[in-house]
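So the protein lines, in turn, are chains F and G.
Counting from 1, position 119 in the first sequence corresponds to residue 119 in full-length UniProt numbering; the numbering is continuous, with no gaps.
Counting from 1, position 473 in the second sequence corresponds to residue 473 in full-length UniProt numbering; the numbering is continuous, with no gaps.
One or more of the hints may lead you astray.
Unchecked claim - Only pairs whose alpha carbons sit at most 25 Å apart, straight line, appear in this in silico BS3-like list of lysine-lysine:
#1 F/Lys-168 to G/Lys-30
#2 F/Lys-166 to G/Lys-199
#3 F/Lys-111 to F/Lys-140
Quick caveat, the hints were computed from the structure, so don't treat them as lab data.
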Amino acid sequence: MIQLCSNDDPPVSFTVPRKAVELSKTIKTMLEDLEGFDMEQTPIPLPNVDAPTLELIVKWVEQHQDDPPPVEKPRVEDDDSDDSDADDDQEPEVVIPEWDKKFLPTDDEQKNQLFKLLNAANYLEIKPLLDIGCKYVADKISGQTVEWVRDYLNMENDYTPEEEAKLKEEIAWAEGL
Amino acid sequence: MDDIIDDCMRCILERLPLHDRLRLEIVCRKWFELMPYADVTAFALDDVPWPERHIHELSYHHNNLTYSQPVMQPKWFCRYMNFLLDRIGPHLRTLILAPRRNVFRPLVTLELAHLIADLCPNLKSAVFTSCILESSATDQLMRLRYLSNVNLSAAVFLEDDRLNLVGNDVLSAKLDAVLSALRLERLNLAHCPFVVAIKSGTLRRLQLQGSGLNSQDLTIICEHCPRLDSLVLSECRNIVDYNAITRLSMLKVLWVNGCKLTNEHLSSICHECPQLVSLRINECTLLTDFRPLKNLRAIETLWVGPSNRFGDGILARIARNGTLINLGASNCAVTDQGVCYLASRCRKLLEVSLSCTGVTDQGVIMLLKNCRDLQVLNIQFTSVSNETLKAMATTACSLRALYVQSCRELDEEGFLYLYESRGSFADDCTALEIQAGGERGTPISHWLISKLQSIGISLIVQRPLLALPGLGL
Chain F
1 MIQLCSNDDP
11 PVSFTVPRKA
21 VELSKTIKTM
31 LEDLEGFDME
41 QTPIPLPNVD
51 APTLELIVKW
61 VEQHQDDPPP
71 VEKPRVEDDD
81 SDDSDADDDQ
91 EPEVVIPEWD
101 KKFLPTDDEQ
111 KNQLFKLLNA
121 ANYLEIKPLL
131 DIGCKYVADK
141 ISGQTVEWVR
151 DYLNMENDYT
161 PEEEAKLKEE
171 IAWAEGL
Chain G
1 MDDIIDDCMR
11 CILERLPLHD
21 RLRLEIVCRK
31 WFELMPYADV
41 TAFALDDVPW
51 PERHIHELSY
61 HHNNLTYSQP
71 VMQPKWFCRY
81 MNFLLDRIGP
91 HLRTLILAPR
101 RNVFRPLVTL
111 ELAHLIADLC
121 PNLKSAVFTS
131 CILESSATDQ
141 LMRLRYLSNV
151 NLSAAVFLED
161 DRLNLVGNDV
171 LSAKLDAVLS
181 ALRLERLNLA
191 HCPFVVAIKS
201 GTLRRLQLQG
211 SGLNSQDLTI
221 ICEHCPRLDS
231 LVLSECRNIV
241 DYNAITRLSM
251 LKVLWVNGCK
261 LTNEHLSSIC
271 HECPQLVSLR
281 INECTLLTDF
291 RPLKNLRAIE
301 TLWVGPSNRF
311 GDGILARIAR
321 NGTLINLGAS
331 NCAVTDQGVC
341 YLASRCRKLL
351 EVSLSCTGVT
361 DQGVIMLLKN
371 CRDLQVLNIQ
381 FTSVSNETLK
391 AMATTACSLR
401 ALYVQSCREL
411 DEEGFLYLYE
421 SRGSFADDCT
431 ALEIQAGGER
441 GTPISHWLIS
451 KLQSIGISLI
461 VQRPLLALPG
471 LGL
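All chains, full assembly: derive it from the sequences and hints.
Shown next as structure tokens:
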């Protein structure tokens, strides 16, 4: 078992099976580098992750610890694509499994928790979690208005009115207007 | 702290459809800079919505006739394409400009061709199906040094700055020069009125179906494109001499359906090109002697007929090697005897079309039992009965299409049996589409159709149905 500590004061620690924790490439590499030390006794501090987020992460890795490792396909440089199948070398579509759908904090009040989870998944290099989280957010944004997207992602419009007007004119066609 | 960091944001943006990425650049400066396009290596017109306000009718002339096509005003089309290619161009390897769901035909002006050549230096594949091109636009293709696949099927060429079609002779000479200068591997000039006797040492795949190619052009092509492995000449009725094809020692695929191929041509092709894997000689009305086909030891796809000279004997000679995967021999003299032999030798068959009156249950059932990978089966106009459907109920799990129009002996009883016995293991079977009915088919009720639908079989009856449920049972 491995102990993980959140960045809170005082830190909250979680005990996780090593197999589950190794879904995080960051921690896996760290453990490999510290081969020989008794890691069971040494808590690993995670300076970028708070307790609620770490709790979610732990829940997710425990659920997925027995998943088969993702197949990493080498990018084929010289593909043999036909006229008809143009989207040959696009990445395969990510499908969010049922369990994960319920797991993701998807209520609008929880969106900041969702963003923290994504940042943590990125920091800890848990690619499958990052994939489904990003897929969820992308699906949510797709087709929405610019204002809605800004609001949802806490983004501020930092264009000058002139710049915005110019860009708007250029982009208008992509809206099919 | 609660905001999404850039790495994650890029990961999200990458998962957006292209047109969302384009229009959401306006969210903030960071997104403008961050917006990832490196994964967009292929673009087709349909990938983004196009505004309809700049579309107008373009009229052009040829031989005192006027043609009219909807196009987007060049100024706007170039402007939009500029915006787009500015972003996705550097990574683009496939560009497809073809009107599909679009309400306009792409007009490729010299200016647009310049843009493409400037902004898409890594383009490998350029598809201009049904486009309208200014003839000098084609010169720009020569600037794309990685271009290996060009598709100009059914394209129309205009004189520069004038709304006249370019004469075929002028165009032939021009495209001959352009296309021969590129290191092309694939070229599609299907349904083009002009003829290009292309000379290319790199060309592997050439499609010229429905073009005006003649014997002399074919000879030039076969002489100068020694690496051709696929040649499509379907419906090229101006060719009378096919002997030049025998020079192509690497040829694997030859489609000459609807051509004036003679027995002598077929004989020499089969003799000189025994490596052929795919051959279509259907609708070649001059053919009467199919015996040379037995030379094709590697043949996987063969389409013949209609011909009463293609019977069990020759089918058996071809099937003996067991290589066939896709066989089309409709309206031929094939009977059960030939089909049974076929089924015993060619167990890898995926698609079979045997719409021959001599075929009955015996042959088809044998085929279903032996060829477990069979996906498509066309047995229209045969004398198969409900027995075939009974056999299908317990075998043929890979089948996804069955054509039984005008099979007089088939009726609801067979389909009901199919429903009852297949129901229990339908989950293990591929979704199946059955086309029935036809001129001579028996009527089938709506009730049965919905029953079959519930176990993944869509039954399409090509004739008015019985209106009342349950009738006919």
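Open item on the list: Going through the numbered hints above, which ones does this structure break? Give me the numbers in ascending order.
Closed with: Violated hint (a single one): 2; every other hint is consistent with the structure.
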